[in-house]
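Those sequence lines, one after another, are chains C and A.
For what it's worth, the working numbering labels the leading residue of the first sequence as 1, then goes sequentially.
For what it's worth, the working numbering labels the leading residue of the second sequence as 194, then goes sequentially.
Rather than coming from a laboratory, the hints here were simulated on the basis of the structure.
Using N, Cα and C, we set each Cβ at its ideal position, and we do this for glycine too.
Do not rely on the hints blindly, as some may be mistaken.
[What the hints assert, rightly or not] Each computed DSBU-like pair below joins lysine-lysine, with the alpha-carbon atoms no more than 35 Å apart:
#1 C:Lys87 - C:Lys180
#2 C:Lys62 - C:Lys20
#3 C:Lys87 - C:Lys20
#4 A:Lys232 - C:Lys87
#5 A:Lys348 - A:Lys380
#6 C:Lys180 - A:Lys232
[Claimed, not checked] Simulated restraints on C-beta separations:
#7 C:Phe9 - A:Ser257: 41 to 47 Å
#8 C:Ala17 - A:Ala294: 50 to 56 Å
#9 C:Ala17 - A:Ala286: 32 to 38 Å
#10 C:Ala17 - A:Ser198: 41 to 47 Å
#11 A:Ser285 - C:Ala17: 28 to 34 Å
#12 A:Ser208 - C:Phe9: 58 to 64 Å
#13 A:Ser257 - C:Ser70: 24 to 30 Å
#14 A:Ala292 - C:Arg69: 33 to 39 Å
#15 A:Leu290 - C:Pro168: 28 to 34 Å
#16 C:Ser169 - A:Leu281: 30 to 36 Å
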Amino acid sequence: MIRMGKNDFAVIRAILAGDKEAYGALVERHSHSLFRVAFRITGNEADAEDVVQEAFLRGYQKLESFEARSSFGTWIYRIAVRGALDKISRRPADDSSRVAGAADPEQDEVQVADTAVRPDRLLLSGEIGALLQLAMQRLTPAERTAFVLRHVEDCSTEEIAAALGIAPSAAKQAVFRAIKKLRSRLAPLRVNP
Amino acid sequence: MNHLSEEELIEQYYSRDDTGAGGHLAACAECAETYAELKSDLAAMQTAAPPARDAAYGERVWRSIAPFLPVYEARKRSWLRGGAWRGLSYASACALLVAGAFIAGRVWEHKQIQTTAIAIPAAIPQKAAPPQQRLVVVVLSDHLDRSERLLVELKHADTGSEEMVSPLRDEARSLLAANRVCRQNAKKNDDPALAAALARLDHLLVELANQKGGLNAASLARLQDEMNSDSLLFEVRVLRSRIPDQQPVANNRRNGGTI
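Whenever a hint applies, use it, and build me the whole structure from the sequences.
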């Protein structure tokens with residue numbers, strides 16, 4: 001989670017007083033963090049860059065409603081997470097990045113495009129991350145986002161709930177469902193000692 | 194022994210604090226094994242690292258969005274200008290409304306005065322006179338009541354008692370002014386009987402009120418004789434008796450309609 005720069009509030013006051021260029025400092029300060037989480041959720045570089053731009057645009061437009069209860073970093077982070085969630089929710093079902101032939105979403109078996117690649121070879125070659133990405137694409141947008149925030153971004157349940165605009169219990173269940181599905185789909189690749 | 198669910202194990206894995214499952218995991222080999230598998234799976238779930246962005250990435254993002262961002266101050270100023278103009282418009286409209294209402298009120302008032310001025314002369318011969326009479330009658334009624342009481346007290350006054358004399362003198366003084374008004378009005382209304390009676394009453398009241406050296410037994414006795422010789426009390430009673438014939442007027446007075 002992005003943490004607040006000490007002078008973010010001063011910058012925001014300057015922006016609201018008419019210093020538009022001051023927003024550039026906030027953009028430069030938080031762009032990298034936003035791109036990182038946006039990429040992890042969308043899994044796509046171009047989409048992540050779009051999410052970052054849209055998040056800062058939306059943040060500027062809503063800057064007057066920004067209340068100093070949270071840091072600007074947290075606030076803009078949540079905007080980016082929701083933007084990324086919207087982005088993957090709007091993706092068409094036949095997105096080329098999805099695994100072909102996945103007729104049953106509850107089907108546990110992961111079908112990769114290159115069937116010539118055996119799971120054990122994937123593990124040995126360290127390509128489990130690629131397979132994980134394919135498995136993640138079969139999660140629902142909310143599950144995927146919740147998992148990324150929990151597992152990768154190390155957000156608490158409350159932070160996930162706030163970012164997704166859902167109840168903490170719903171956020172926790174989204175994380176549970178995502179992990180169950182991923183474990184189930186990655187089970188064939190598990191190397192037993 | 195109840196084993197931990199997968200949800201509880203996942204919560205234990207991500208929890209920053211001990212969820213209470215730690216003790217069970219230490220005691221239950223089966224759950225510990227399951228938890229070890231979970232940890233292994235989750236540890237293997239390492240997503241691909243995001244592509245690196247150079248140091249100028251933030252600046253590029255800023256340049257891409259900057260043209261689309263309005264200046265807050267400009268928006269506020271324009272809003273303030275708009276607000277100021279709106280305020281001035283409202284103020285002007287209110288001022289015009291007040292001025293219009295004021296002028297209309299003055300015009301209406303002026304017309305009302307003219308109408309009244311025109312209407313009164315025509316109404317005076319028939320309608321304006323009676324109210325004047327009613328007013329006099331009301332005053333006369335009260336005046337005669339009070340005068341009658343004074344004369345009765347004077348008639349029965351103990352000439353040797355100073356305590357009785359003093360209130361008579363005070364009452365006589367207070368009746369003098371009203372008596373003169375009634376007397377003048379009786380003359381105006383061509384009522385000689387009333388005017389004559391009030392003239393005699395006036396004389397008595399003057400003497401009663403302004404007796405030189407104060408009222409003494411001798412002067413009181415003289416005034417009593419004078420009153421009896423003039424039959425003033427009887428005359429006042431007769432005049433007072435005429436008042437019931439004008440009871441509606443009295444009612445009007447009680448009702449506050451006359452005055």
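Hint by hint, work out which the structure violates, then give me just those numbers in ascending order. 7, 8, 10, 12, 14, 15, 16
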